[in-house]
Amino acid sequence: MPSIDDSKPISWAEQVEQVEDGVLPPSSEQYDEEKGIKVVTEFKYNEENKMVKTWRKFGAAERDPPGPNPANTIVQVEEINMQFIHNKEEVQEQEDDPLLKLKSQKLVSCRICKGDHWTTKCPYKDTLGPLQEKLQDGEKPPVGDAPGPPTSQGPTAPAPTKTSGKYVPPSLRDGVNKGRGETMSSKRDESATIRVTNLSEDTRESDLQELFRPFGPIQRIYLAKDKNTGQSKGFAFINFHRREDAARAIAGVSGFGYDHLILNVEWAKPSGTS
Amino acid sequence: MKPILLHGHERSITQIKYNREGDLIFSCAKDSQPNVWYSLNGERLGSFRGHNGAVWNIDVNWESTKVLTASADNTCKLWDCETGKTLASLDTATAVRTCGFSFSGRYIMYTTDKTMGRPCEIHIFDLNDIRNGEPTMVIPISSSKITSAVWGPYEEYIITGHENGEICHYDLKSGDKINSCKEHSKQINDLQLSKDMSMLISASKDTTAKLFETATLGHMKTYKTERPVNSASLSPIYDHVVLGGGQEAMDVTTTSTKVGKFDARFYHLVFEEEFGRVKGHFGPINSTAFHPDGKSYSSGGEDGYVRVHYFDPSYFDFRFEF
Chain A
1172 MPSIDDSKPI SWAEQVEQVE DGVLPPSSEQ YDEEKGIKVV TEFKYNEENK
1222 MVKTWRKFGA AERDPPGPNP ANTIVQVEEI NMQFIHNKEE VQEQEDDPLL
1272 KLKSQKLVSC RICKGDHWTT KCPYKDTLGP LQEKLQDGEK PPVGDAPGPP
1322 TSQGPTAPAP TKTSGKYVPP SLRDGVNKGR GETMSSKRDE SATIRVTNLS
1372 EDTRESDLQE LFRPFGPIQR IYLAKDKNTG QSKGFAFINF HRREDAARAI
1422 AGVSGFGYDH LILNVEWAKP SGTS
Chain B
8 MKPILLHGHE RSITQIKYNR EGDLIFSCAK DSQPNVWYSL NGERLGSFRG
58 HNGAVWNIDV NWESTKVLTA SADNTCKLWD CETGKTLASL DTATAVRTCG
108 FSFSGRYIMY TTDKTMGRPC EIHIFDLNDI RNGEPTMVIP ISSSKITSAV
158 WGPYEEYIIT GHENGEICHY DLKSGDKINS CKEHSKQIND LQLSKDMSML
208 ISASKDTTAK LFETATLGHM KTYKTERPVN SASLSPIYDH VVLGGGQEAM
258 DVTTTSTKVG KFDARFYHLV FEEEFGRVKG HFGPINSTAF HPDGKSYSSG
308 GEDGYVRVHY FDPSYFDFRF EF
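Protein chains in written order, with our numbering: chain A, 1172 to 1445; chain B, 8 to 329.
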């Protein structure tokens, strides 16, 4: 094997040296006599150690200017990296799955166990599921209409509380003090009001309910609607019970893509939100 | 890495090859014009005009002075690399599937397809008397058709890959089959030798690539994928293997393939395990080739693009954990 490799470079090098005396740009060639190894150093920066540099273009490239023709040669601007796969791991492809992205935000919560997955995907579906239903059945007689915001079909959790079996009027229930506090200082709630804009025209109150319920209990939703068509004017005011919930809602929903538009959420100016 | 896209072909690429020094890339496709590019910046040097059909195979001699192309228009043409002129055109009865210069550049071989009642044949020519048009040797193949062929080292035999998955050695002097092995179950798409010619890697439609010892055809390693492998190359400096392949239509609808999701897969030579993938092609990869210095590689795809990738430092720093 080594003998073949030696013989070739010798004759080729001789040939090359004979042909071009001064044409080639400087490049270093070292020929080690003992080992028969030829080391050729090519300078890649603008110089090529070959006669190829002086070759003319032919065929379809005949009329091309010097340098790469942009019709044929494109340097891809986007970086591509080799995805290294380690021994037992799979290649993580988070970007491809929009569902995964949604999961990582705090909008998805299971009704059964409050985890960050959809209810249908809950691992405790068959254990906690029936349990919840039982609790809810027990709740139905005492809880006439659902207090506060209506329970929606979305990923929000209803609150099964006690199973006393007796009807308790809303004014005597848990949170009655909070209610008192609220009615007294309903003015304070204006600071827990957020304005959401850039809504699509077929957004409804129930959509907003679904969207903002995870951040906390909502006091009131006002969706600006056109009187004649009933379509949303593109903005709405959400009143939370607590200011910190409103703050979190701003952080969580601002920039969120909802039905082809990017939502804009901020504190509502105190005037005009009657 | 920022790959350089070479878009010089209108139809799918059939083969790409580097010259011995690595500064030129030769690409041939199902359109009839093979191209030659500078591998450094992707600038096109020229194209070889003259064929009338798909060009299946291309080879360049040691000194990068002559180019040989095998085409479906029943000719195998010899070109001058510098000017693009046709030096010789060898006519055959059927389409020419593979071609190659021998190690010394003295002999060329090409193989023809088995169609229209003609058997598949290996033709060997001595370049010195190419004017005569008389082949030095013609070896008819009675068994399965040859789909890929390379010269063995020392010009003693030719290594052929067949449609039924067989790999054989055919002796030059006698024309006999001196060795064969059947490790693959479906056709061999590509055969490539290692830099020192001691190892041979075969890419097959049966979704594997296998590593053999050239002299004995002893099967050493198998690299498994889940799609047909169209081409496999051995890195000249590391224990790495790159596999290119892919299946269209069927698979595309079941994965979330939007753009550029066909990938070249890198396996470790010894451990047979995949360690990396490079995406980017818009269709199955038909041919892969490492640069002779091992610092870059190219792949040509069904989409007609040749992508030249210069490896990131992370590739050179990568150490396979074992």
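Don't take every hint at face value.
The list that follows gives simulated cross-link-like pairs (lysine to aspartate or glutamate, EDC-like), each with its CA atoms no further than 20 Å apart [as the list claims (entries may be wrong)]: (1) B:K302 with B:D324; (2) B:K193 with B:E162; (3) A:K1396 with A:E1381; (4) B:K286 with B:E233; (5) A:K1228 with B:E233; (6) B:K73 with B:E170; (7) B:K73 with A:E1233; (8) B:K92 with B:D38; (9) A:K1228 with B:D87; (10) B:K193 with B:D213; (11) B:K92 with A:E1233; (12) B:K152 with B:D80; (13) B:K152 with B:D136; (14) B:K92 with A:D1235; (15) A:K1228 with B:E89; (16) B:K286 with A:E1250; (17) B:K92 with B:D80; (18) B:K286 with A:E1249; (19) B:K228 with B:D178; (20) B:K302 with B:D203; (21) B:K202 with B:E28; (22) A:K1285 with A:D1297; (23) B:K189 with B:E173; (24) B:K73 with B:D136; (25) A:K1398 with A:E1381; (26) B:K37 with B:E70; (27) B:K193 with B:D178; (28) A:K1305 with A:D1287; (29) A:K1228 with B:E50; (30) B:K9 with A:E1233; (31) B:K9 with A:D1373; (32) B:K152 with B:D178; (33) B:K180 with B:D213; (34) B:K180 with B:E233; (35) B:K302 with A:E1250; (36) B:K152 with B:E170.
So these bits of chain A aren't anywhere near chain B, every CB distance computed over 10 Å [what the hints assert, rightly or not]: (37) E1250; (38) G1387; (39) P1388; (40) A1422.
Everything labelled a hint here was simulated from the structure, so no lab data went into it.
Just so it is clear, CB atoms sit at the ideal spot from N, CA and C, and this is done for glycine as well.
For each hint, the structure was consulted:
no. : hint                 : verdict
1   : B:K302 with B:D324   : holds (12 Å)
2   : B:K193 with B:E162   : violated (28 Å)
3   : A:K1396 with A:E1381 : holds (18 Å)
4   : B:K286 with B:E233   : holds (16 Å)
5   : A:K1228 with B:E233  : violated (42 Å)
6   : B:K73 with B:E170    : violated (29 Å)
7   : B:K73 with A:E1233   : holds (19 Å)
8   : B:K92 with B:D38     : holds (18 Å)
9   : A:K1228 with B:D87   : holds (13 Å)
10  : B:K193 with B:D213   : holds (5 Å)
11  : B:K92 with A:E1233   : holds (13 Å)
12  : B:K152 with B:D80    : holds (18 Å)
13  : B:K152 with B:D136   : violated (28 Å)
14  : B:K92 with A:D1235   : holds (18 Å)
15  : A:K1228 with B:E89   : holds (8 Å)
16  : B:K286 with A:E1250  : holds (11 Å)
17  : B:K92 with B:D80     : holds (18 Å)
18  : B:K286 with A:E1249  : holds (12 Å)
19  : B:K228 with B:D178   : violated (25 Å)
20  : B:K302 with B:D203   : holds (17 Å)
21  : B:K202 with B:E28    : holds (12 Å)
22  : A:K1285 with A:D1297 : holds (15 Å)
23  : B:K189 with B:E173   : holds (4 Å)
24  : B:K73 with B:D136    : holds (15 Å)
25  : A:K1398 with A:E1381 : violated (24 Å)
26  : B:K37 with B:E70     : violated (26 Å)
27  : B:K193 with B:D178   : violated (24 Å)
28  : A:K1305 with A:D1287 : violated (23 Å)
29  : A:K1228 with B:E50   : holds (10 Å)
30  : B:K9 with A:E1233    : violated (27 Å)
31  : B:K9 with A:D1373    : violated (44 Å)
32  : B:K152 with B:D178   : holds (17 Å)
33  : B:K180 with B:D213   : violated (33 Å)
34  : B:K180 with B:E233   : violated (40 Å)
35  : B:K302 with A:E1250  : holds (17 Å)
36  : B:K152 with B:E170   : holds (5 Å)
37  : E1250                : violated (6 Å)
38  : G1387                : holds (36 Å)
39  : P1388                : holds (39 Å)
40  : A1422                : holds (30 Å)
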